[in-house]
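**Q** From first to last, the protein sequence lines stand for chains A and B. So for the first sequence, my numbering puts the first residue at 1; every next one is plus one. So for the second sequence, my numbering puts the first residue at 141; every next one is plus one.
Among these hints, one or two may not hold up.
Stated by the list, open to error - List of simulated lysine to aspartate or glutamate pairs, DMTMM-like, C-alpha gap at most 25 Å: (1) A:Lys-121 with B:Asp-168; (2) A:Lys-121 with B:Glu-179; (3) A:Lys-121 with A:Asp-50.
Calculated directly from the structure, the hints in this document are not laboratory data.
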Amino acid sequence: MATTVLPTIAAELPREVAIRFVCGMPGLEPYARYTLVGIEGVPVYWLRCDDAPGIRLPVAEAFAIEPSYSFTLSTADVAALGLARAEDALVLVVLTVRRGGAITANLFAPIVINRQTWQAKQIILDGTSYSLRHPVEGFA
Amino acid sequence: MLILTRKKLQSIIINDTIVLTVLAVDGDRVKLGISAPSEVTVLREEVQRAVREENRRAAHPGLADAEAALRALGQRHA
Chain A
1 MATTVLPTIA
11 AELPREVAIR
21 FVCGMPGLEP
31 YARYTLVGIE
41 GVPVYWLRCD
51 DAPGIRLPVA
61 EAFAIEPSYS
71 FTLSTADVAA
81 LGLARAEDAL
91 VLVVLTVRRG
101 GAITANLFAP
111 IVINRQTWQA
121 KQIILDGTSY
131 SLRHPVEGFA
Chain B
141 MLILTRKKLQ
151 SIIINDTIVL
161 TVLAVDGDRV
171 KLGISAPSEV
181 TVLREEVQRA
191 VREENRRAAH
201 PGLADAEAAL
211 RALGQRHA
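Construct the complete structure from the given sequences, taking the supplied hints into account.
**A** Here it is, written out as structure tokens:
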């Protein structure tokens with residue numbers, strides 16, 4: 001059985017929180033330890049790699065970018081994240097700031113975080129038509 | 141790389157738990173069936189490669205002041 005992830009209305013995260021990836025993200029496989037740091041005024045955070053200070057990814061609350069975002073987490077991923085309830089899942093998407101200033105969001109491979117344990121995993125939504133580079137103009 | 145030749149409907153077993161079966165061959169397209177435990181991720185190589193490259197691009201923003209561009213999103217409406 002799989003779990004449908006629900007949107008979070010307001011993340012209300014602490015200013016800085018330690019995140020542990022259950023497995024390294026594609027392209028960043030050696031790294032599991034990150035710190036999520038809020039950016040004032042926007043639902044955007046820096047995901048700063050603890051073990052490689054030069055590496056930091058901008059991430060945004062998924063539902064602030066796509067309010068109707070919807071996907072199913074497999075039983076295996078629910079277990080890997082230790083998710084007891086759908087409400088415990090925080091969904092973030094990686095933002096790419098391109099040369100020239102255009103910003104896109106990766107809706108194809110969201111990062112799901114368990115808000116009870118701060119474990120995280122990047123899930124590739126293979127088989128869906130969500131975009132790897134969804135243009136971001138502002139927030140819902 | 142281990143190289144094996146299979147005919148249609150033949151299979152390969154990996155690690156006792158993953159079974160790859162050649163279901164059909166049509167010109168240069170091969171239809172493969174994969175049986176694997178649910179915790180095993182199975183992806184087309186180009187899909188994983190695309191995610192890997194996008195993650196790497198995101199980790200190296202194209203602007204010196206990426207944070208200003210991100211903050212500016214708050215001033216615009218979706």
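**Q** Taking the earlier hints as the rules, which of them does this structure contradict?
**A** Number 1 only.
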